[in-house]
Amino acid sequence: MRLQESLNILHEEIKEFQKAVKERIFNLGKVKVSVIQDKNEEGPMPVSLGLYFLSNSTKELLSSNIKLKDFNRLHKNIKRLFQKFVDSNELGNFDKGEDLFKKLNENDSISPFKPLFCDDFQGKIKNDVFKNKCNQLRESITNFNSFKEKFREVYSKNLYYQTLKEKLEKYQDILISGSLQKLNEEDLEEYRLFRSFYPLDLYSDYLIDIKNGNVIKINK
Amino acid sequence: METKEFIEILLEEIKGNSYINISEFLMNINLKKLKIKDLIKEIEKNYNHELILNLENTEVYSYDLVYNYFKLKLFRFLEKGIDMDLDSDDFKEFKPDDLIRIFSIIDSEFFNYLLDNI
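So the protein sequences, as listed, match chains F and X. At position 209 of the first sequence (counting the first as 1) the number is 208 in numbering that gives the first Met the number 0, and the numbers step up by one without a gap. At position 69 of the second sequence (counting the first as 1) the number is 68 in numbering that gives the first Met the number 0, and the numbers step up by one without a gap.
What the hints contain is simulated information worked out from the structure, not anything from laboratory work. Even for Gly, the Cβ is constructed at its ideal location relative to N, Cα and C. Just so you know, not all the hints are guaranteed correct.
A few chain F residues that don't get close to chain X, going by computed Cβ distances all over 10 Å [said to hold, decoys possible]: (1) 31; (2) 38; (3) 40; (4) 59; (5) 62; (6) 168; (7) 184; (8) 188; (9) 201; (10) 206; (11) 207; (12) 211.
One side only, chain X facing chain F, incomplete, derived with CB under 7 Å [what the hints assert, rightly or not]: (13) 18; (14) 64; (15) 77; (16) 82; (17) 92; (18) 103; (19) 107; (20) 109; (21) 110; (22) 113; (23) 116.
Could you build the full structure based on these sequences and the hints that come with them?
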């Protein structure tokens, strides 16, 4: 996507947001946000005006030679608006929960690591392992060089989980149906991985026969 | 080898590695004739939705790596409740256009997300 195009989308999104919150939030004008203006002066203004200011600043940027210095100011203001909506109880019901970083990552519509943070997988990965990974990721963000290492490690797993998630559901369906034949039509290594997500006593009547390279069912 | 062909190899490689040092990669696959200047031009013009070059054009990152770094940065700054400065050392590796382009997308997504949560 080109720079101009992405800024256009942002401009449309701000206008839509502005319109929607005006309709939804009654006391929008009462809450104030500190906005950085031209010449880097800043001062509080009502959120409703702040949104209007953002929309205009984006429009101005679009009609100029777009520079990082100007976008940086716009982005700082956008982030301050986000913060206001996240922190202020007067602006809707945004529940930060105990851990905002985790909450944002758990949301399907916004999380870059949603398969890692979704309930299904959290339930299947040991809780302390999950927390540890989550904290490592959080800490690595302080520095891009450490982040890119951590990302390489976590993201490859993330991609794999995305694919695997569908497969796990398929294996669950097969096991519920009880068809050993169907199970053996699938890849043994994938089945082994599927099993590793569950406690040993679950699905324990289906065992991997290493010698013959297939799955067998034992009668308990 | 054509620049486009090389980029296809690069794309394949970056899927698993997320970032690559360009000179080292060219040396490893024994490609000395390829002009880095042409490669940079091609990436910036036609592949900027998949590949992002660093400021010095020495490394190439997957779009996902950069997008996720920026997004998680935003999450972290929201968590801390402090101002975010794109001119700081946190973003010194990136070109201004990429910063503007990708943050515009992330901010648009966050506006949309907030609407569902207020």
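Taking each numbered hint in turn, which are not upheld by the structure, reported in ascending numerical order?
-> none
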